[in-house]
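Trainee: Chain by chain, the residues run as shown.
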Amino acid sequence: MSGETILECRGVGRVFAVRSGMFTANRRLRAVDDVDLALERGEVLAIVGESGCGKTTLARMMLGLLPPTSGTILVMGRPIVEIDRAEIARAVQPVFQDPYSSLNPRKTLASIIALPLDVHGIGTGAERRRRVEELMELVGLPSRLLYVYPSQLSGGQRQRVAIARALAMKPRIVICDEPTSALDVSVQAQILNLLQDLRRELDLTLVIVSHNLAVVEHMADRVAVMYLGRIIEAGATASVFARPRHPYTQTLLEAVLTPDTSRGLPEFVLGPGFPNPLDPPPGCTFHPRCPRAMPACSSARPATLREGGSLVECHLYDGAAAMKAG
Amino acid sequence: MLQVEGLTVEIDVPAGILHAVSDVDLHVDQGETLCIVGESGCGKTMTALALMGLLPRRARMRAERLELEGRDLVAAGRQQLAALRGDRIAMIFQDPMTSLNPVYTIGNQMEEIYLRHGKGSRKEARERAEYLLAKVGIAAPRSRREQYPHQLSGGLRQRVMIAMTLMCEPIVIIADEPTTALDVTIQAQVLHLLSDLQKEYRMALVLITHDLGVVARMADRVMVMYAGQVVETGAVEDVFAAPMHPYTKGLLDCIPVPGKTQPGAKLGAIPGMVPSLVGALEGCQFRGRCAYALPACAASPVPLRERGPGRASRCLLDSIPNAPATGPFFAGVAR
Chain U
30 MSGETILECR
40 GVGRVFAVRS
50 GMFTANRRLR
60 AVDDVDLALE
70 RGEVLAIVGE
80 SGCGKTTLAR
90 MMLGLLPPTS
100 GTILVMGRPI
110 VEIDRAEIAR
120 AVQPVFQDPY
130 SSLNPRKTLA
140 SIIALPLDVH
150 GIGTGAERRR
160 RVEELMELVG
170 LPSRLLYVYP
180 SQLSGGQRQR
190 VAIARALAMK
200 PRIVICDEPT
210 SALDVSVQAQ
220 ILNLLQDLRR
230 ELDLTLVIVS
240 HNLAVVEHMA
250 DRVAVMYLGR
260 IIEAGATASV
270 FARPRHPYTQ
280 TLLEAVLTPD
290 TSRGLPEFVL
300 GPGFPNPLDP
310 PPGCTFHPRC
320 PRAMPACSSA
330 RPATLREGGS
340 LVECHLYDGA
350 AAMKAG
Chain X
144 MLQVEGLTVE
154 IDVPAGILHA
164 VSDVDLHVDQ
174 GETLCIVGES
184 GCGKTMTALA
194 LMGLLPRRAR
204 MRAERLELEG
214 RDLVAAGRQQ
224 LAALRGDRIA
234 MIFQDPMTSL
244 NPVYTIGNQM
254 EEIYLRHGKG
264 SRKEARERAE
274 YLLAKVGIAA
284 PRSRREQYPH
294 QLSGGLRQRV
304 MIAMTLMCEP
314 IVIIADEPTT
324 ALDVTIQAQV
334 LHLLSDLQKE
344 YRMALVLITH
354 DLGVVARMAD
364 RVMVMYAGQV
374 VETGAVEDVF
384 AAPMHPYTKG
394 LLDCIPVPGK
404 TQPGAKLGAI
414 PGMVPSLVGA
424 LEGCQFRGRC
434 AYALPACAAS
444 PVPLRERGPG
454 RASRCLLDSI
464 PNAPATGPFF
474 AGVAR
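Those sequence lines, one after another, are chains U and X.
Counting from 30, one number per residue, gives the positions in the first sequence under the working numbering.
Counting from 144, one number per residue, gives the positions in the second sequence under the working numbering.
Read the hints as simulated data drawn from the structure, not as lab findings.
All residues carry an ideal CB built from backbone N, CA and C; glycine is no exception.
Hints may be right or wrong, so weigh each one.
To give an idea of the chain U side of the interface with chain X (calculated C-beta under 10 Å), a few residues [stated by the list, open to error]:
| hint | residue |
| --- | --- |
| 1 | Glu37 |
| 2 | Asn241 |
| 3 | Phe303 |
In silico DMTMM-like cross-links for lysine to aspartate or glutamate, where the CA-CA straight-line distance does not exceed 25 Å [unchecked claim]:
| hint | chain 1 | residue 1 | chain 2 | residue 2 |
| --- | --- | --- | --- | --- |
| 4 | X | Lys403 | U | Asp250 |
| 5 | X | Lys403 | U | Glu207 |
| 6 | X | Lys409 | U | Asp226 |
| 7 | X | Lys392 | U | Asp289 |
| 8 | X | Lys409 | U | Glu207 |
| 9 | U | Lys199 | U | Asp232 |
| 10 | X | Lys409 | U | Glu296 |
| 11 | X | Lys392 | X | Glu343 |
| 12 | U | Lys199 | U | Glu166 |
| 13 | X | Lys342 | U | Glu296 |
| 14 | X | Lys278 | U | Glu296 |
| 15 | X | Lys403 | X | Glu449 |
| 16 | U | Lys136 | U | Glu207 |
| 17 | X | Lys409 | U | Glu69 |
| 18 | X | Lys342 | X | Asp396 |
| 19 | X | Lys403 | U | Glu296 |
| 20 | X | Lys409 | U | Glu166 |
| 21 | U | Lys136 | U | Glu156 |
| 22 | X | Lys403 | U | Glu283 |
| 23 | X | Lys409 | U | Glu230 |
| 24 | X | Lys409 | U | Asp232 |
| 25 | U | Lys136 | U | Glu162 |
Pairwise CB distance ranges (calculated) [stated by the list, open to error]:
| hint | chain 1 | residue 1 | chain 2 | residue 2 | range |
| --- | --- | --- | --- | --- | --- |
| 26 | X | Lys409 | U | Lys136 | 29 to 39 Å |
| 27 | X | Arg203 | U | Ile151 | 52 to 62 Å |
| 28 | U | Met51 | X | Ala158 | 46 to 56 Å |
| 29 | X | Glu289 | U | Ser210 | 31 to 41 Å |
| 30 | U | Lys136 | X | Pro199 | 26 to 36 Å |
Build out the structure end to end from the sequences listed, making use of the hints.
Mentor: Here it is as structure tokens:
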């Protein structure tokens with residue numbers, strides 16, 4: 030980590046208009062709400078949360094695939110909306126979750142991996158071919174696979190292809206949306222090891238979107254926990270895992286099933302209802318499921334407390350409880 | 144409850160015969176949880192489908208013994224199997240979105256099982272459905288009963304699936320990756336529900352999963368499968384504490400564990416990939432990926448050896464050495 034901020038979100042929000050019927054007004058779905066994040070060069074940031082918490086929307090905005098409806102995203106100091114589409118693609122690249130649907134089944138590996146080079150008009154045919162071979166070696170794919178189709182590959186090999194394609198433009202930042210959740214555990218380990226190696230060799234900055242907290246702890250320097258569009262806790266991975274502050278983070282960590290036969294299932298679980306994002310609960314959006322909810326939680330939104338590199342949004346820490354009591 | 148010996152499933156494919164399941168023995172008792180663990184293509188789902196009599200038509204099944212509550216299923220015809228399915232043995236599928244019928248209400252689908260097996264009247268079926276929906280923690284079961292699967296979240300759908308399997312009070316439940324499609328927080332709830340219901344109804348549970356965390360917390364006994372074969376079996380504490388097969392050890396080493404593995408350190412990966420199951424099987428199926436492989440591993444099929452009470456391993460080694468002796472014997476088998 031160099032201290033150089035390479036990607037920054039300032040108050041980023043995204044609202045979708047959801048059609049609810051021919052004669053009723055569209056409803057507003059706030060998928061991402063007021064997110065502040067800064068990524069330093071060479072760092073690995075993990076974004077965690079349940080499905081529907083807005084983590085994929087945030088990742089899409091960081092990729093420049095979706096403009097934010099409020100706030101700004103800065104890539105290497107420049108607002109993403111002012112940067113040319115091709116230039117963003119040279120700096121930020123995605124690796125998607127499902128290597129079965131993110132590769133064109135009718136193209137060979139050579140043309141899949143070379144596509145970014147073709148699109149950006151980089152090099153001559155021979156140079157591109159050489160670069161493709163280089164990339165395949167980098168991600169551990171034997172060159173005899175150059176002219177095979179994705180359907181002939183295993184899941185792990187396909188994810189290697191997706192990573193090679195992402196690296197073709199020598200990006201500074203790679204955003205991986207659930208990079209291993211479609212893979213078997215032994216293959217997951219191969220891909221995680223590969224990402225670690227690449228990060229070191231190529232000085233990459235990684236954003237890993239995941240719901241697997243064991244993977245997050247293993248890979249990330251910093252972690253941001255999202256709930257209903259907001260980051261409710263963030264900080265250095267080691268300290269968040271050692272001392273989670275937000276009750277939601279605590280629950281998530283308890284729900285991790287480590288392969289420990291001396292322990293049973295985690296006792297403490299959330300109520301079933303992930304709230305409807307079209308109709309978020311008032312006050313703290315987590316209060317209906319929170320085991321430590323207080324009266325203040327259903328009326329007022331907790332303040333965002335920042336302290337060094339960490340952040341937490343919960344009435345347990347912002348003094349609301351003390352004020353009520355006092 | 145359920146006794147299986149020598150279960151073999153073969154599928155004809157253009158290139159030859161695919162050995163999906165080879166000579167699997169398993170048994171599960173009342174109130175017991177057996178976890179079958181392994182990676183995609185190891186035959187765990189095919190084993191489950193064979194037990195349910197739901198194999199695809201082009202698959203051929205053989206078994207020396209297949210008994211449910213002492214009833215012989217090998218000799219049973221399709222109709223007899225269909226009569227047991229849903230009644231005495233029931234299955235929970237991985238993806239509740241595709242395994243529920245989208246054009247029928249939940250109540251309709253639940254009651255159908257009850258009526259089909261002639262358990263009682265429509266009114267009783269409705270009451271039982273409502274009772275079970277409440278039992279699996281669904282609020283307002285009466286109105287939920289009228290809803291269609293798409294109106295429910297993933298966690299609720301899986302609860303409905305579980306309630307549905309309980310309609311006729313089966314004695315064996317086979318759950319194939321019941322929580323893989325769910326969020327972690329919901330996963331814990333669904334597993335809790337399954338284990339509570341199992342205790343209450345004293346059912347035998349066969350839980351199929353690739354998640355070793357789930358195995359550790361749920362299983363009494365575990366059966367590790369690789370390439371269609373059982374490679375190791377035993378009580379879950381024993382297998383996790385001292386794996387006897389290099390594949391089991393590899394699986395345990397390759398998952399990051401918070402508080403145990405060093406963040407950022409290399410995970411123990413199993414190099415290579417699963418061998419093709421088409422054609423004649425030779426030697427140990429795992430030898431191409433095994434760090435301890437010996438020339439003898441290629442010579443002849445490795446038998447599943449008894450290694451203590453209830454414990455068996457399909458490996459020539461008596462113990463796994465601390466350091467790989469030779470490196471992968473077939474190092475060139477691609478990665």
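Trainee: Work down the list of hints and note, for each, if the structure agrees.
Mentor: Hints, one by one, checked against the model:
1. The restraint placing glutamate 37 of chain U at the interface with chain X is violated, with a minimum CB-CB distance near 24 Å, outside the 10 Å limit.
2. The interface hint given for asparagine 241 of chain U is met, as the beta carbon of that residue sits about 8 Å from the closest beta carbon of chain X, less than 10 Å.
3. At about 7 Å, the closest approach between the beta carbon of phenylalanine 303 of chain U and any beta carbon in chain X falls short of 10 Å, and the interface hint on this residue holds.
4. Taking the CA atoms of lysine 403 of chain X and aspartate 250 of chain U, the gap is near 17 Å; set against the 25 Å cutoff, the hint holds.
5. Of the pairs offered as hints, the one joining lysine 403 of chain X and glutamate 207 of chain U holds, with about 22 Å between alpha carbons and a cut-off of 25 Å not exceeded.
6. Distance check on the hinted pair: lysine 409 of chain X and aspartate 226 of chain U sit about 9 Å apart at the alpha-carbon level, within 25 Å; holds.
7. A threshold of 25 Å between alpha carbons decides the hint, and for lysine 392 of chain X with aspartate 289 of chain U the separation of about 14 Å falls inside it, so the pair holds.
8. Restraint check: the Cα-Cα separation between lysine 409 of chain X and glutamate 207 of chain U comes to about 19 Å, which is no more than 25 Å; the hinted pair holds.
9. A threshold of 25 Å between alpha carbons decides the hint, and for lysine 199 of chain U with aspartate 232 of chain U the separation of about 10 Å falls inside it, so the pair holds.
10. Note on lysine 409 of chain X and glutamate 296 of chain U: the hinted pairing is violated, with a Cα-Cα distance of about 32 Å set against a maximum of 25 Å.
11. Taking the CA atoms of lysine 392 of chain X and glutamate 343 of chain X, the gap is near 34 Å; set against the 25 Å cutoff, the hint is violated.
12. Proposed proximity of lysine 199 of chain U and glutamate 166 of chain U is supported: the alpha carbons are some 15 Å apart, at most 25 Å.
13. This hinted pair checks out: lysine 342 of chain X and glutamate 296 of chain U have alpha carbons roughly 16 Å apart, not beyond 25 Å.
14. Taking the CA atoms of lysine 278 of chain X and glutamate 296 of chain U, the gap is about 18 Å. The hint holds against a cut of 25 Å.
15. Distance restraint check for lysine 403 of chain X and glutamate 449 of chain X: the Cα-Cα separation of roughly 31 Å exceeds the 25 Å cut-off, and the hinted pair is therefore not satisfied.
16. For the suggested pair lysine 136 of chain U and glutamate 207 of chain U, the alpha carbons sit about 24 Å apart, so the restraint of at most 25 Å is met.
17. Between lysine 409 of chain X and glutamate 69 of chain U the CA atoms are separated by roughly 23 Å; this keeps the pair inside 25 Å, and the hint holds.
18. Restraint check for lysine 342 of chain X and aspartate 396 of chain X: the C-alpha separation of about 32 Å exceeds 25 Å, so the hint is violated.
19. Straight-line distance between C-alpha atoms of lysine 403 of chain X and glutamate 296 of chain U comes to about 21 Å, which keeps the hinted pair within the 25 Å bound.
20. For the given pair, lysine 409 of chain X sits about 19 Å from glutamate 166 of chain U by alpha-carbon distance, which is consistent with the 25 Å threshold.
21. At most 25 Å may separate the alpha-carbon atoms for a hinted pair to count; lysine 136 of chain U and glutamate 156 of chain U meet this at roughly 19 Å.
22. Restraint check for lysine 403 of chain X and glutamate 283 of chain U: the C-alpha separation of about 15 Å stays at or below 25 Å, so the hint holds.
23. The hinted pair formed by lysine 409 of chain X and glutamate 230 of chain U meets the criterion: a straight-line CA distance of about 15 Å does not exceed 25 Å.
24. In summary, the hint linking lysine 409 of chain X to aspartate 232 of chain U is supported, as the alpha carbons are separated by about 18 Å, within the 25 Å threshold.
25. For the hint linking lysine 136 of chain U to glutamate 162 of chain U, the alpha-carbon distance of about 16 Å falls within 25 Å, and the restraint holds.
26. Between lysine 409 of chain X and lysine 136 of chain U the CB atoms are about 33 Å apart, so this pair conforms to the stated range of 29 to 39 Å.
27. Against the hinted window of 52 to 62 Å, the Cβ-Cβ separation of arginine 203 of chain X and isoleucine 151 of chain U comes to about 53 Å, which satisfies the hint.
28. The supplied range of 46 to 56 Å is met by methionine 51 of chain U and alanine 158 of chain X, whose beta-carbon atoms lie about 55 Å from each other.
29. In this structure the hint that glutamate 289 of chain X and serine 210 of chain U lie 31 to 41 Å apart at CB holds, the actual value being about 34 Å.
30. A hinted range of 26 to 36 Å for the beta carbons of lysine 136 of chain U and proline 199 of chain X is consistent with their spacing of about 30 Å.
In summary, the numbered hints that this structure violates are 1, 10, 11, 15, 18.
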